[in-house]
Amino acid sequence: MNIAVAGGTGTVGRHVVSAARGRGHQVVSLSRADGVDLLTGRGLDEALRGVDTVIDVSGPRAVSTKKAVDYFTNSTQNLLAAEKKAGVRHHLALSIVGIDRAASGLYAGKLVQEEAVRHGDVPWTILRSTQFHEFVPLTVSVASLGPLVFVPRMRTQPVAAREVAEALVDAAEAGPSGPMADLGGPRAEELDELVRAYLQKFRMRKQIAKLFIPGSMGKAMRSGELIPKPGAAVGRQTFQEWLETDASSPTNSA
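Residues in the sequence shown are numbered consecutively from 11, following the numbering used here.
Simulated from the structure, these hints should not be mistaken for laboratory data. Please note: incorrect hints may appear among the correct ones.
As the list claims (entries may be wrong) - Here are the simulated DSS-like cross-link-like pairs (lysine-lysine), alpha carbons at most 30 Å apart as the crow flies: (1) LYS77 with LYS220; (2) LYS76 with LYS229; (3) LYS76 with LYS95; (4) LYS76 with LYS94; (5) LYS239 with LYS76; (6) LYS229 with LYS77; (7) LYS94 with LYS77; (8) LYS229 with LYS239; (9) LYS220 with LYS239; (10) LYS216 with LYS229; (11) LYS95 with LYS77; (12) LYS76 with LYS220.
Throw the hints in and build the complete structure from the sequences for me.
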């Protein structure tokens, strides 16, 4: 199968590319580093020639609601239009568990993306997953101010990015199936405890300051509405196992 991976150089994308190639598929990555701009459509027509399936794991750097909505509106429209033109038979999008209950920031963008995929002309599959284990070091990176890390109060069930990638390749091989069962990690945890474990692992001299997020997003984060319901698919690797085997040391541990 010929597979194109939108966001193929990202956290999940690189695992998707690796897993698909490991199974013998022909894979092309769609990213700016590969000469493709999803926001403008530049390079898409050439990149999608002969492609059977597109797996979209792309995303914006910014997390404001407007920027997330603009990103997914433009990138998804461009992808679907180019796919239809190229005769792509399957569009597979990665989304986030619980976006219906926390429609702001990145989650609002994902709702727009899902809506476009569901009503597009290309047969589709959507997989919603929880946050990846890598969400913890990202939190430390973007939410640090001096010796403090501001950590939102959040009940989470992190999953290995590699396992999400494997599930996406499985879905690509199975063909269009609409909405899939949600995918989460094996254990529900508090985000501040995961951050604490990460800081201790790499001996980072930072203190955790719990952050209260107002509105529907904060409520969903605190109440556990962003973790899968019974009947969801469950990953294998716990956060602690990831921390001991796969976590990368931060470049700056000050």
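Structure-based check of all given hints:
no.	hint	verdict
1	LYS77 with LYS220	holds, 26 Å
2	LYS76 with LYS229	holds, 21 Å
3	LYS76 with LYS95	holds, 29 Å
4	LYS76 with LYS94	holds, 27 Å
5	LYS239 with LYS76	holds, 29 Å
6	LYS229 with LYS77	holds, 22 Å
7	LYS94 with LYS77	holds, 26 Å
8	LYS229 with LYS239	holds, 17 Å
9	LYS220 with LYS239	holds, 26 Å
10	LYS216 with LYS229	holds, 26 Å
11	LYS95 with LYS77	holds, 27 Å
12	LYS76 with LYS220	holds, 26 Å
When each numbered hint is compared with the structure, no violation occurs for any of them.
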